[in-house]
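Dock chain X against chain S, hints included.
Number of protein chains: 2
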Amino acid sequence: MIVLDGKKVAAEKRAKLREFLTSCKAKGVRMPKLAIVIVGHNPASETYVANKMKACAEVGIEVEKIAFEADITERQLLTEIRKLNRDKSVDGFIVQLPLPEHISEAKVLTTIDYRKDVDGLTPMSIGRSVQGLPAIPSATPSGIRTLLEYYQIPTAGKHVVVIGRSNIVGKPMALMLMQRPYLSLPSVSAAALGDATVTVCHSKTQDLAAICRTADIIIVAAGCPGLLTAEMVKPGATVIDVGINRVEDPASPRGYKLVGDVDFEHVSQVAGAISPVPGGVGPMTIASLLSNVVAVYDMNVPGYKVSE
Amino acid sequence: MIVLDGKKVAAEKRAKLREFLTSCKAKGVRMPKLAIVIVGHNPASETYVANKMKACAEVGIEVEKIAFEADITERQLLTEIRKLNRDKSVDGFIVQLPLPEHISEAKVLTTIDYRKDVDGLTPMSIGRSVQGLPAIPSATPSGIRTLLEYYQIPTAGKHVVVIGRSNIVGKPMALMLMQRPYLSLPSVSAAALGDATVTVCHSKTQDLAAICRTADIIIVAAGCPGLLTAEMVKPGATVIDVGINRVEDPASPRGYKLVGDVDFEHVSQVAGAISPVPGGVGPMTIASLLSNVVAVYDMNVPGYKVSE
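Protein chains in written order, with the numbering used here: chain S, 133 to 440; chain X, 133 to 440.
Keep in mind that the hints were calculated from the coordinates and are not lab data. Fair warning: there could be bad hints in the mix.
In this list, chains with the same sequence are indistinguishable; a pair is considered to hold if it fits within one copy or across any two.
Listed next, the in silico SDA-like pairs over lysine to any residue satisfying Cα-Cα at most 20 Å (straight line) [unchecked claim]: (1) Lys389 to Arg162; (2) Lys336 to Ala383; (3) Lys336 to Arg312; (4) Lys366 to Leu340; (5) Lys186 to Tyr283; (6) Lys197 to Pro385; (7) Lys366 to Asp339; (8) Lys336 to Ala288; (9) Lys239 to Ala199; (10) Lys336 to Gly289.
The shape of chain S in the complex, shown without the other chains (with noise of 0.2 Å):
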């Protein structure tokens, strides 16, 4: 059984990116830069970014943390959005989700100009991936397919069950997966995985269990702590998992651990390959926001655009 290390995996990405930056910044071309928006004070939202400026720091994009108070009006808000668009010196930016009530997370994500969308969350990015245009793809799949060609686990013609159906993770990694295999930008994948048959299962399937069994590759994203048991997992399969759930642990000082939808302790048994959480995905969603980032860079400082 091997375990699936995002952790390894996104540092090593993470080092051909620095250097690639570096060997940039030694032709005195300037270097990329990504905007982080974030309102209000949300705990975790705070180390998300605060792990992602330090990601950046490390690889050499500049960061700029746009930080906004709770009570920020969404048309204040999609002003900033706009300035962001149209502002040359930033090559992408991403929008800290949650937003706080009052403001619509659609409205924002549609303002979001597709071309700095390096979160790969906008309408537009989506509906472009599923055409199999030129497009930023959505960070969490990507990460995915890139720890999937790194330990050279294939997908074509192979029975791939995504468990949950949500925006930014089950949807996008299912399209991604389905397709023929394209190159989303030039320089975000050196190969690219597809062709698989993909079912997508959620809250509302019958008898998970039993198409769990036929899976060559399952990923789970449903949000549910042991979701997945080994009893629904076809030996020698793949298990990637991508849920972080927060369960109570008072050994921990913190008083919780995280942990992921799978039973791991015994799905590692039975399973070929398996993904950790932490260290498994997590990482590998941050390499993947790095990576698009420099891939809109690279199409930017040569003067050209992401084609229409």
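Same frame as chain S, but now just chain X:
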């Protein structure tokens, strides 16, 4: 065994639209207007356009056919599309595909304003649909949804196998059926199917027959005559045939006949319900186009727009 009679359901749908538009006319409200752009003289395209125009006339939708010679430049065509985007007298428009080789279909579709995209094929329409935002649904999947609704064939929790991963049918159909039920546009559909467990199969799928045998509903859109045979169908399953293939037929005065992707003769002895070709999905697609035009019109007339 029930034959899913698309011809009949489409006629009823048209009658309802006609009734609605007659009542609008009686109130002195302007009628909806569809523009159809056609480039060159592809005989199949000309037939499709003629059928669409006839259907529009029948329900009271004004149609303007905008025909260009095959040597129009891509730039000129895009300029014409931008004009249609701005033209307030036009509720929606479609560009008949295929286009001559020197014109990029992707560029054309990307240029169409999604709020006028009554075929529901632009990246923005697809992306918004994926995310559950208000959007005009793709015509063929929407027609299939209406057919399933009419015959009260439930999808929630059922296993739907979609064969084919095209931008026009396979992918939007899969996405529509896996979603939480939602109303694409207020007046497009009274009910809204969804919540299905969806598997997308294609030319690279291994053991298609075994996967199909687990399906409650099979939707075939592969463009391959006779692809779905009786032994691939679970007794009682619903089979929707989206294929339209010309096969030689010396007995026909035209020298060919139209067949679907399903071996109708034998599959109809196993299936619980089946859509024929012709007279199944084809008429439903045109009915969906009309329905999309009227839905956009219905929002335009009182003076509001598809909300962001």
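How the hints compare with the structure:
1. Lys389 to Arg162: Neither. Shortest intra-copy (41 Å) and inter-copy (63 Å) distances fail the 20 Å Cα cut-off.
2. Lys336 to Ala383: Neither way: Lys336 and Ala383 sit 35 Å apart in one copy and 49 Å across, limit 20 Å.
3. Lys336 to Arg312: between (28 Å within a copy, 9 Å between copies)
4. Lys366 to Leu340: The answer is both: 13 Å in one copy and 19 Å across copies each meet 20 Å.
5. Lys186 to Tyr283: neither (26 Å within a copy, 56 Å between copies)
6. Lys197 to Pro385: neither (30 Å within a copy, 71 Å between copies)
7. Lys366 to Asp339: So Lys366 and Asp339 pass the 20 Å test inside a copy (15 Å) and across (17 Å) alike.
8. Lys336 to Ala288: Result: close only across copies, 7 Å inter versus 27 Å intra.
9. Lys239 to Ala199: within (19 Å within a copy, 37 Å between copies)
10. Lys336 to Gly289: The answer is between: 5 Å across copies meets 20 Å, while 26 Å in one copy does not.
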